[in-house]
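Trainee: So the chains spell out like this:
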Amino acid sequence: MRLKPQGSQFFQLLADAAANLVTATALLRDLTAVPPPDREAVAARLHEVEHAGDDLTHTIMVELNSTFVTPFDREDIQALAARIDDVLDFLDTAADLAVLYRLGEFPPGTDAMLRVLCRAAELTAEAMPGLAKVGELEPYWIEINALENEADHTYRRMLADLFQPGADALEVLKAKEVVEQFELAADGFEHVADVVQTIAVKES
Amino acid sequence: MRLKPQGSQFFQLLADAAANLVTATALLRDLTAVPPPDREAVAARLHEVEHAGDDLTHTIMVELNSTFVTPFDREDIQALAARIDDVLDFLDTAADLAVLYRLGEFPPGTDAMLRVLCRAAELTAEAMPGLAKVGELEPYWIEINALENEADHTYRRMLADLFQPGADALEVLKAKEVVEQFELAADGFEHVADVVQTIAVKES
Amino acid sequence: MRLKPQGSQFFQLLADAAANLVTATALLRDLTAVPPPDREAVAARLHEVEHAGDDLTHTIMVELNSTFVTPFDREDIQALAARIDDVLDFLDTAADLAVLYRLGEFPPGTDAMLRVLCRAAELTAEAMPGLAKVGELEPYWIEINALENEADHTYRRMLADLFQPGADALEVLKAKEVVEQFELAADGFEHVADVVQTIAVKES
Chain C
1 MRLKPQGSQF
11 FQLLADAAAN
21 LVTATALLRD
31 LTAVPPPDRE
41 AVAARLHEVE
51 HAGDDLTHTI
61 MVELNSTFVT
71 PFDREDIQAL
81 AARIDDVLDF
91 LDTAADLAVL
101 YRLGEFPPGT
111 DAMLRVLCRA
121 AELTAEAMPG
131 LAKVGELEPY
141 WIEINALENE
151 ADHTYRRMLA
161 DLFQPGADAL
171 EVLKAKEVVE
181 QFELAADGFE
191 HVADVVQTIA
201 VKES
Chain X
205 MRLKPQGSQF
215 FQLLADAAAN
225 LVTATALLRD
235 LTAVPPPDRE
245 AVAARLHEVE
255 HAGDDLTHTI
265 MVELNSTFVT
275 PFDREDIQAL
285 AARIDDVLDF
295 LDTAADLAVL
305 YRLGEFPPGT
315 DAMLRVLCRA
325 AELTAEAMPG
335 LAKVGELEPY
345 WIEINALENE
355 ADHTYRRMLA
365 DLFQPGADAL
375 EVLKAKEVVE
385 QFELAADGFE
395 HVADVVQTIA
405 VKES
Chain S
409 MRLKPQGSQF
419 FQLLADAAAN
429 LVTATALLRD
439 LTAVPPPDRE
449 AVAARLHEVE
459 HAGDDLTHTI
469 MVELNSTFVT
479 PFDREDIQAL
489 AARIDDVLDF
499 LDTAADLAVL
509 YRLGEFPPGT
519 DAMLRVLCRA
529 AELTAEAMPG
539 LAKVGELEPY
549 WIEINALENE
559 ADHTYRRMLA
569 DLFQPGADAL
579 EVLKAKEVVE
589 QFELAADGFE
599 HVADVVQTIA
609 VKES
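Residue numbers (this note's numbering), protein chains in the order written: chain C, 1 to 204; chain X, 205 to 408; chain S, 409 to 612.
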């Protein structure tokens, strides 16, 4: 019998969960690019990814309860899994609402938003295997913070555009609900990075 | 002098706080069923329940500060009390806004929402006396999670209905503000369960 | 070489961060009082204050990573800095959105809201140097809670006024977005006080 390096399964499971975010953001980008009638099929695939994420989160919880020694505080591993799951939920919700509300065109700025989300997902997926050396992840959370600022900036401009005089208030409301999920997802990536930073502070 | 079982007062106080949620959800269900002119009286009673909840939260804080040995980490007991208090606030706010905004009919889906909230309150009230055996509460948080998913699903369908073309945007905005509190309350029950789960992870 | 009292730099840095909130709330009050064309210049000054706050938050993080003994748990000092930063963000966002959305008149109730925010900022700034005796800060968090209740009450009445029949739904949406930031800032002050209370519970 050989001993696995302690906690290696958590780094792998969190890496898998973060890899899911890469798939989900790519699908959401696709959904914003296809004609409205084709959105439902893409949303269905994104929803499957979200289910796979739920299974991963559950596996992480079970492992936490059955593992004697964990690489970080249990609460922090749990928080990481939960925050990654939150992002996946926001991405899935954005897709679901766009279909459900029969949104027309995605408003200008959507491309910029999706570029930010795809990049944040990549960074998060690259960071997870590096958790074993959490002190070296500073460049990760600095770029995630910059991306969140960019998403916030873009979000406000998108709303200002939507609020142009003469706009149909009901259409504005619908678009706002969807775009808000983009912004929440960008925030969510930052919350993942915040947990990583909390772990780094404890380890320092 | 006889010693009380350690921490028993906290389980009792949290059980009282959760019992308040049962009363509050039942009152909110009543409020959504009576004619609009009768809502104010029900909202006033719900507001009294909310005040009683504030007193309980305060008592828990005072006990935490004057008790040497607590059954769980002080922060977790404090978090449980705070999250229960949050739910009570959302229920009270829903009632207050419905009166204040002179909401017309509650939108379709309201009954389904209130059934979820009443059931979540019952489950939470049943779980609190069981905190002494927190490892056995898994069925509680699994059902709470399922209820939150149901509430989320219902909430989105309610909004999609509200956003039907031709709707009065101002009425939609008002209804959305109220219905949002239902959804926040359902989320809030999940956050209570999250704290219970955090405690269980620490104890395992 | 003389030793500094342990952790004194953290109390000073947090006091500086809280002093920034006094400046920011005063600027936001000014912005709501000047004619619309003059708002942009005030928003720019508020944005500079927000940048200075970011620098302070960064300094606190660096100090946390390079200090061996901290006066409280590292996570709590980090949380205090983060929650103060959140409030500054809400104040900055309120100003930014008012300019960006070309908001007309600020709705009735704005003066009352700004009085609450200015008072909460003063209280917070006075509390920070007192962190060394955190057990004596009860009057601070009691008043902050009362102010948050007042802000919440005012916020609801402001929305009820905005929702008057015949209102322009698009203008309501814009005003709501801005007023929401006032309410979030008032909540944010309470979240700062919550962290202080958490520290006090641990120290008791």
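Honestly, the hints are just simulated from the structure, not real lab data. By construction, the Cβ of each residue, glycine as well, lies at the ideal position given by its N, Cα and C atoms. Heads up, some of the hints might be wrong.
Said to hold, decoys possible - The following label-pair restraints were derived from C-beta to C-beta distances: (1) X:GLN213 <-> S:GLY538: 28 to 36 Å; (2) C:GLU122 <-> X:ARG249: 47 to 55 Å; (3) X:GLU340 <-> S:PRO537: 46 to 54 Å.
What the hints assert, rightly or not - With a straight-line Cα cutoff of 25 Å, these simulated DSS-like cross-link-like pairs (lysine-lysine) come out: (4) S:LYS584 <-> S:LYS541; (5) X:LYS337 <-> X:LYS380; (6) S:LYS610 <-> C:LYS202; (7) X:LYS337 <-> C:LYS176; (8) S:LYS584 <-> X:LYS406; (9) S:LYS610 <-> X:LYS380; (10) S:LYS610 <-> C:LYS176; (11) C:LYS133 <-> C:LYS202; (12) C:LYS202 <-> X:LYS406.
Trainee: Range first: 46 to 54 Å. Now tell me if the beta carbons of GLU340 (chain X) and PRO537 (chain S) are that far apart.
Mentor: Because 47 Å falls inside the window, the suggested range holds.
Trainee: Regarding the pair LYS584 (chain S) and LYS406 (chain X), is the alpha-carbon distance no greater than 25 Å?
Mentor: This hinted pair is violated, its Cα atoms lying about 42 Å apart.
Trainee: For LYS610 (chain S) and LYS202 (chain C), compute the direct alpha-carbon distance and say whether it is at most 25 Å.
Mentor: Roughly 18 Å between the alpha carbons, so the hint for LYS610 (chain S) and LYS202 (chain C) holds.
Trainee: When you check the alpha-carbon spacing of LYS133 (chain C) and LYS202 (chain C), does it fall within 25 Å?
Mentor: The given pair, whose Cα atoms are some 13 Å apart, holds under the 25 Å limit.
Trainee: Is LYS337 (chain X) within 25 Å of LYS380 (chain X), Cα to Cα?
Mentor: Violated, at roughly 40 Å.
Trainee: For a C-alpha distance cap of 25 Å, please report whether LYS584 (chain S) and LYS541 (chain S) respect it.
Mentor: Distance of about 40 Å is beyond 25 Å: violated.
Trainee: Using the beta carbons of GLN213 (chain X) and GLY538 (chain S), state whether their distance is inside 28 to 36 Å or not.
Mentor: Between GLN213 (chain X) and GLY538 (chain S), where Cβ atoms are some 31 Å apart, the hint holds.
Trainee: Does the alpha-carbon distance linking LYS337 (chain X) and LYS176 (chain C) stay inside the 25 Å limit?
Mentor: Violated: LYS337 (chain X) and LYS176 (chain C) sit about 45 Å apart, past 25 Å.
Trainee: Run the distance test for LYS610 (chain S) versus LYS176 (chain C): straight-line Cα separation, threshold 25 Å.
Mentor: Answer violated: LYS610 (chain S) to LYS176 (chain C) is near 42 Å, above 25 Å.
Trainee: Does LYS380 (chain X) sit within 25 Å of LYS610 (chain S), going by the straight-line distance between their CA atoms?
Mentor: violated (40 Å)
Trainee: If I claimed the Cβ atoms of GLU122 (chain C) and ARG249 (chain X) lie 47 to 55 Å apart, would that claim hold in this structure?
Mentor: holds (53 Å)
Trainee: CA of LYS202 (chain C) to CA of LYS406 (chain X), is that 25 Å or under?
Mentor: holds (18 Å)
Hint compliance for this structure: hints 4, 5, 7, 8, 9 and 10 are not met, and every other hint is.
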